[in-house]
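Student: Whenever a hint applies, use it, and build me the whole structure from the sequences.
Protein sequence lines, in the order shown, are assigned to chains A and B. Counting from 1 along the first sequence, just add 119 to a position and that's the residue number in the numbering used here. Counting from 1 along the second sequence, just add 119 to a position and that's the residue number in the numbering used here.
Derived by calculation from the structure, the hints in this document are not laboratory data. Do not take every clue at face value.
One copy or two, either will do: identical chains are not told apart, so a pair holds if it fits within one copy or between any two.
Unchecked claim - The list that follows gives simulated cross-link-like pairs (lysine-lysine, DSS-like), each with its CA atoms no further than 27 Å apart:
1) LYS340 x LYS273
2) LYS339 x LYS310
3) LYS273 x LYS149
4) LYS367 x LYS394
5) LYS400 x LYS367
6) LYS310 x LYS340
7) LYS340 x LYS199
8) LYS199 x LYS134
9) LYS310 x LYS284
10) LYS198 x LYS166
11) LYS199 x LYS339
12) LYS284 x LYS273
13) LYS176 x LYS400
2 protein chains.
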Amino acid sequence: MRVLDGKEISESIQKQIEGDLLRMEGYVPKLGIICVGKAAEKLAYEKSIIRNFEKRKLKAEAFEYPGDISNEEFLAEIKKLNDREDIDGILVLSPLPLQLNEQEALQLISPEKDIEGRRIENRGRCFLGDFTGFIPCTAIAVMELLQYAEVPLKGRRVVVIGCGKNVGIPLISLLMEQMATVSMCHLGTGKETMLSLCREADVVISAAGHAGLINASHIKKGAAVIDVGISIDETGRICGDVVFDEVKKRASVVTPVPGGVGTVTRAVAARALVKAAGLRKTWSRGRGD
Amino acid sequence: MRVLDGKEISESIQKQIEGDLLRMEGYVPKLGIICVGKAAEKLAYEKSIIRNFEKRKLKAEAFEYPGDISNEEFLAEIKKLNDREDIDGILVLSPLPLQLNEQEALQLISPEKDIEGRRIENRGRCFLGDFTGFIPCTAIAVMELLQYAEVPLKGRRVVVIGCGKNVGIPLISLLMEQMATVSMCHLGTGKETMLSLCREADVVISAAGHAGLINASHIKKGAAVIDVGISIDETGRICGDVVFDEVKKRASVVTPVPGGVGTVTRAVAARALVKAAGLRKTWSRGRGD
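Tutor: Below is the structure:
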């Protein structure tokens, strides 16, 4: 059994990033993080992203707005970030408060700054199997992990648990592109059905956000298990959907939480920022301005 | 066992259409059919659509272009149809010749005339589970048939065979919206895997275009079977993916070919045309011009 540490993949993505930065003549791409409200875990997440991007020789700046900002004011703030020449990519920390229309806000992000692939056109491209636009970073991170561990996908049975629009749904397209036979489980799927699908699967990807959901009884011997879930257990520690100590005894490959998908996702987001900067600037003409 | 005839559903959709037409003060919506090349079956299909729309008290006009039309000329022709006030919806007969960039052409269709939901934004909306835009008519027809036959979907296992962007892929979103547990089979799926998934499924939807693909051994007793395939058998007759005479003995519901999904798809396309006309015109101000 192999514990698939995200660190190594993250480092190999960092090498790609540094290669791309070399062509940017000293320009340092910058992420704008949009954070609405003062929830402690959101602010902690924001700070950890900034630290991570700085470690990667990139810049990140937080734009914090009060939790009761009106939809109109919020849209105006997004327009300001679109217009800022020094911001190359925009990341919106979800969920947004209820008075804000999330899809309207996401749709306002400039296409070339939409590094999370949340605009409708980027969704549509993904749906059609065209992956040239921006794609949700977590979904890409899952594919990077599978590829790195050389998990075969063609003709294999893959179960995706959780059909969120930022992980499960884009994964359908990415997995089918690799000719995997994909089954989708979600809140409407009965326990027995999920168990039976998982037991027959060569790969189980759990993005439910439900601690302890996947135990050894769900896994075929030798399956690959990718844990996208993030929860806090009763002792206050971060944990995934997968009962790691049990599952690692049956699986061929399993990702830990923390240190698995999340670690790779940050590297993928950083690479997307560099791609975005590359789309906006013309390096042969200096700083592009 | 129930043979699910498309005719009855098609007639009930026609009643909706006639109700909508009543509000249009005598205006008759008109479809523009784009046909490139002179392939006999394309021309036959084109004529059958025109006849069908006329029977439905709608208009349809064919726009035929030579098989060697250049991409530039073709895009210019689409722009002309966009600008024509009398054309409410545009239908492009696929496949297009290789010198034409299909997605570029589809993307040029005015959003309000894209009755087949082939623009990238309409794909993106479908992907996000927002079905307010236009959605591929065949996928909608499948859902109409399931709904009409009162086939339960919530928590049920559904297998979709064939992941084309106009049927299989939009069906994933439509079925998950109904909380079905969906598995996707395609050319990369092995025979054994497909057999095992189908045998456990409450609903099998086959859109492979492969005559005889689904026989009684694939079907759980009492399953619903929707046949989207269209092929020509060795005797020259139109047939579906499903071995109808065998499967009808095990299934609870099965659709015939011809007379099933295809019949409902035309009704759905006609309804989409009327919706498109409604979006473009303001009836309270007369003809809207």
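Student: Which earlier hints turn out false for this structure, listed by number in ascending order?
Tutor: 3, 4, 5, 7, 8, 11
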